Amino acid sequence: MRIEVFHDTVYTYATPARAVTQILRLTPRAHDGQFIAKWRLDIDVDGRLHREEDGFGNIVHRLSVDGPIGRLAVQVRGVVETTDTNGVIRGGTEPVPEGVYLRDTDLTRPDEAILRFSRDVTAGATQPLEVAHRLLVAIHREVVFDVVPTHSATTAAESFAMRRGVCQDLTHIFLACARSLGMPARYVSGYFKRVDGVVDQDAGHAWAEAMIEGLGWVGFDPANGISPSDAHVRVAVGLDYLGAAPVRGSRFGGGGEELSVSLTVDQSARQSQS
Amino acid sequence: MLSRTADQIYWTARYVERAEFLARILEATLRLSSLPSNYGGAGTEWDSAVLTSGCASAFYKAHPYADEHNVREFLAFSPDNPSSIRNCLAIARTNARAVRTALTVEMWDALNGAWLELRQFDSKKMGREDFARFLDWVKNVSLTFDGSAYRTMLRNDAYWFSRLGVGIERADNTARILDVKYHVLLPETEQVGGSLDYFQWTTILREVSAHTAYHWVYRQSVQPWLVADLLILNRQMPRSLAASYDTIVRHLDLIADAYGRRGPSQRQARAMLDKLAAAKIDGIFQSGLHEFITDFLRDNSRVGATIAEQYLI
Amino acid sequence: MAAFDEMGLGNGAVRPAYRALKAWLDSAPSELLDLRRSQAEHFFRRVGITFAVYGDTQDTERLIPFDIIPRIITAGEWAILRKGLEQRVNALNAFLRDVYGPRECIRAGIIPAELVDRNPFYRVEMIGRKVPHDIYVHISGIDIVRVDADTFYVLEDNARTPSGVSYMLENREVMMRLFPELFAEHRIAPVDNYPDALLATLRSVAPEAGRRNPNVVLLTPGQYNSAFYEHSFLADKLGVELVEGSDLYVRDDVVYMRTTEGPQRVDVIYRRIDDDFLDPLTFRPDSALGVPGLMNAYLAGNVTLANAVGTGVCDDKAVYSYMPEIVKFFSGEEPILKNVPTWRCREPEALSYVLDHLPELVVKEVNGSGGYGMLVGPHATQQQIQSFRKKLKHDPAGFIAQPTLALSTCPTFAASGIAPRHVDLRPFVLSGADGIRCVPGGLTRVALKEGSLVVNSSQGGGTKDTWVLDA
Chain A
81 MRIEVFHDTV YTYATPARAV TQILRLTPRA HDGQFIAKWR LDIDVDGRLH
131 REEDGFGNIV HRLSVDGPIG RLAVQVRGVV ETTDTNGVIR GGTEPVPEGV
181 YLRDTDLTRP DEAILRFSRD VTAGATQPLE VAHRLLVAIH REVVFDVVPT
231 HSATTAAESF AMRRGVCQDL THIFLACARS LGMPARYVSG YFKRVDGVVD
281 QDAGHAWAEA MIEGLGWVGF DPANGISPSD AHVRVAVGLD YLGAAPVRGS
331 RFGGGGEELS VSLTVDQSAR QSQS
Chain B
51 MLSRTADQIY WTARYVERAE FLARILEATL RLSSLPSNYG GAGTEWDSAV
101 LTSGCASAFY KAHPYADEHN VREFLAFSPD NPSSIRNCLA IARTNARAVR
151 TALTVEMWDA LNGAWLELRQ FDSKKMGRED FARFLDWVKN VSLTFDGSAY
201 RTMLRNDAYW FSRLGVGIER ADNTARILDV KYHVLLPETE QVGGSLDYFQ
251 WTTILREVSA HTAYHWVYRQ SVQPWLVADL LILNRQMPRS LAASYDTIVR
301 HLDLIADAYG RRGPSQRQAR AMLDKLAAAK IDGIFQSGLH EFITDFLRDN
351 SRVGATIAEQ YLI
Chain C
109 MAAFDEMGLG NGAVRPAYRA LKAWLDSAPS ELLDLRRSQA EHFFRRVGIT
159 FAVYGDTQDT ERLIPFDIIP RIITAGEWAI LRKGLEQRVN ALNAFLRDVY
209 GPRECIRAGI IPAELVDRNP FYRVEMIGRK VPHDIYVHIS GIDIVRVDAD
259 TFYVLEDNAR TPSGVSYMLE NREVMMRLFP ELFAEHRIAP VDNYPDALLA
309 TLRSVAPEAG RRNPNVVLLT PGQYNSAFYE HSFLADKLGV ELVEGSDLYV
359 RDDVVYMRTT EGPQRVDVIY RRIDDDFLDP LTFRPDSALG VPGLMNAYLA
409 GNVTLANAVG TGVCDDKAVY SYMPEIVKFF SGEEPILKNV PTWRCREPEA
459 LSYVLDHLPE LVVKEVNGSG GYGMLVGPHA TQQQIQSFRK KLKHDPAGFI
509 AQPTLALSTC PTFAASGIAP RHVDLRPFVL SGADGIRCVP GGLTRVALKE
559 GSLVVNSSQG GGTKDTWVLD A
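Chains as they are written, first to last, in the numbering used here: chain A, 81 to 354; chain B, 51 to 363; chain C, 109 to 579.
Don't read these hints as lab results, they were simulated from the structure. Some hints could be false.
Pair ranges (Cβ atoms, derived) [claimed, not checked]:
id	chain 1	residue 1	chain 2	residue 2	range
1	C	H502	B	H119	52 to 62 Å
2	A	G305	C	P228	25 to 35 Å
3	B	A358	A	T344	39 to 49 Å
4	C	A131	B	K175	52 to 62 Å
Treat the numbers as computed from the prediction; the structure is a model and nothing was measured. Virtual Cβ for every residue (Gly too), placed ideally from N, Cα, C.
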């Protein structure tokens, strides 16, 4: 599928900031199921945009702008050609030893309830792939997608206790479960072309990947209850949301920050003509 | 030096100065309120103290009216008043602690000792006499701290920033007294020989510890316009606006010379001093004392902001 | 269990190094000793050498008790310790270079991969990166205990931000003021060159691109940190700026500090804040203590952090248990300093042994410090033992256990007079581009409660001056 992404993020500061620094993980890397046809990241003010690679192998841009800044827009335009690999990721960059992905983080540390849940729903499953699929199905069934009760710092345990959350929370729960069963797992941030035809979205998407013996990294999208397909554009990976966050920023001075996001993910016109 | 270090030295000096100022207000008000009512201020002296201290909005949020009891508590001890004497000394000490090595041992001892001793004062059990002793103690802390700075600090930028803090805070405090009391200084309101006004004027003089100085300078009985002249324009009077700006300009110049660069704070402070030097008290009264003071307070805090912008952040 | 007393208290024979001190103690009138003790306390109060105690809201600034009876180490003993410390710290550095680089020690089976990979202090950001001059641990504090005349053990490696060196220096300062006659009688190796040695070490590791006169700063979390006194003390002795995160900023991968004369470039940061708080854009996003973008400047090679990011992977207690093998692997030599025998509870056999012998053992959390999260079996209540049993079963890999050592004792002032109290020793070892520096001695910590083995200041421990006698 040829997927076109328009992703604009606009920050406004009621009191202008003296300086802004951001780390942007908004640029996908290629792998066997994903070819980057076009990708461009722009900012609308004078500043420095420096491209580098982070510890997980993600492409990051470091943005620094000297103030006073009242408004800052980050604009992403891209086209990616994807093929369905049944969620299996091959041909990517893997600088981090697998064992690192067994580590619990503050956002993914399981509590008793999650431990019990992950044991119960995988009981009897012998093959790693089956274990992961059972988790995928169970989390999708058990935890209701709901944007209201959680926020970016909600932990897996908190979200699981409410049985509610967004794609970030469901992914954290998946990671907590998989790791507690000794299966390396990681957070993926990216974009998702919705099957229902809705093009305008409020935020990017997130899902998980687990290391399955014999297959390598395999994707699991608990918010949709599916394996990632050619509708997914994979941008960055990390131990949790913080490691793969599209934007992490800080500013010096200023105040009254407001954020507006506009995002459309659509099948590219050229593709639909062919 | 680090901007933060300079900032903390500057604010240490400001808060110690402010604590002393509050002690002086309370002392003068106690005195005024102890006079028989036909000599005193018709019972509004505690309101006046609150206004002068600059905490009126916070005070009246917490109290329906001002009396000796609640004003004493609020201005001297209240943990809820960010500018109470107790908080001023605590904030000064916190600032000083962060830049310990930039201060001399004597300065640190003065503040740290005061902070430790402060915890032993129990406002609940304090009668008038004890309270007066407490106010004396506060003034002494300030004198000891300031004297230690004067006698022990190297004459470098650390010292100069502490003097700037004292200068800006003093100018602000003196102007605030004038702002609250300007109506008793106006020639129109003069009722010759009226005892009420007389005690108001002398209260002002006491608040800036200039009661004796007045007589040395003017050699005549207390006249309202001369009180204003002393507090605004007299460069010999250490707490006058003009003398404060003498201090500010001198130390900003020393900093500029040492760093080899002049900036907006030097220009603004010099302009303030020039304006004060050229002014005559008659002219100030003619174009409005209240307007003059309002402008001054605004300009003074602008100089403070410019100093912060140029050096402290 | 009779502990070895370093002076020879209790068994009649005074050890030679302590003879002169013993004679002096015997002859000094008790009023004089009392006077000196109160003078010492007065001195510490005056200089403001205090520490904050976690969870203590009443009086957040306390004095660490100081014992005026010095602890004495002979030149011969020190020579061995010194060599062993150098070997150990070199191995720590080699280990860190390796786990962030080729991972040979993992491939060679010296240490299980999961102890490295799953360690939260193994920083992904540092994998495959080089640090200036290949040195990770510039400042370390290696905790040493003694059990008899000849046996020293390393109890713990502190390779993140070890503290206590200000006490070493101030203890010596106060002792020289109060007991000049003792200093005349003994030939005591000086320690007051430590700040010079530290500054030289820090300057030696400035980035290659650094200027001829590198700008060194000390980064503190601020005055509410328990070790703030030490930070300000050291900055003062080093003659460097004591900065907080907000004093620094990064522009174009270069670190600057905000000064009254404008931005000034920073080359070396002696940081006394943990990795987690260094850079909110890379580590904890809620950290207000750090410098946004600092990691970029660091990874670009434009600033040196001392210690490096990610050194915590070498000083946790699980990795500790492999240190003898690690030393051997990287140096090709036998370790000069022994480890305390350690059961790794992650290994099932060890766990079952530990569970069966809890009342005799000391159990420690792998990532704990400061004497928190520790069980001293022989001194624990039945309830404490039960609660640790539960914790151990729940998370075996989170714990190690060691025999309860009969730590050596030193004569110490107690309410009842001079009595033996257990001690340890923390020497401070500096690694620079130009080699290892280590001032003789270190900080002796003493458990002031009779029979107590916990020397941590947060748990009622005190300190002593440590004398290394010249031969």
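Cross-check of the supplied hints:
no.: 1; hint: H502/C with H119/B: 52 to 62 Å; result: 58 Å, holds
no.: 2; hint: G305/A with P228/C: 25 to 35 Å; result: 31 Å, holds
no.: 3; hint: A358/B with T344/A: 39 to 49 Å; result: 45 Å, holds
no.: 4; hint: A131/C with K175/B: 52 to 62 Å; result: 55 Å, holds
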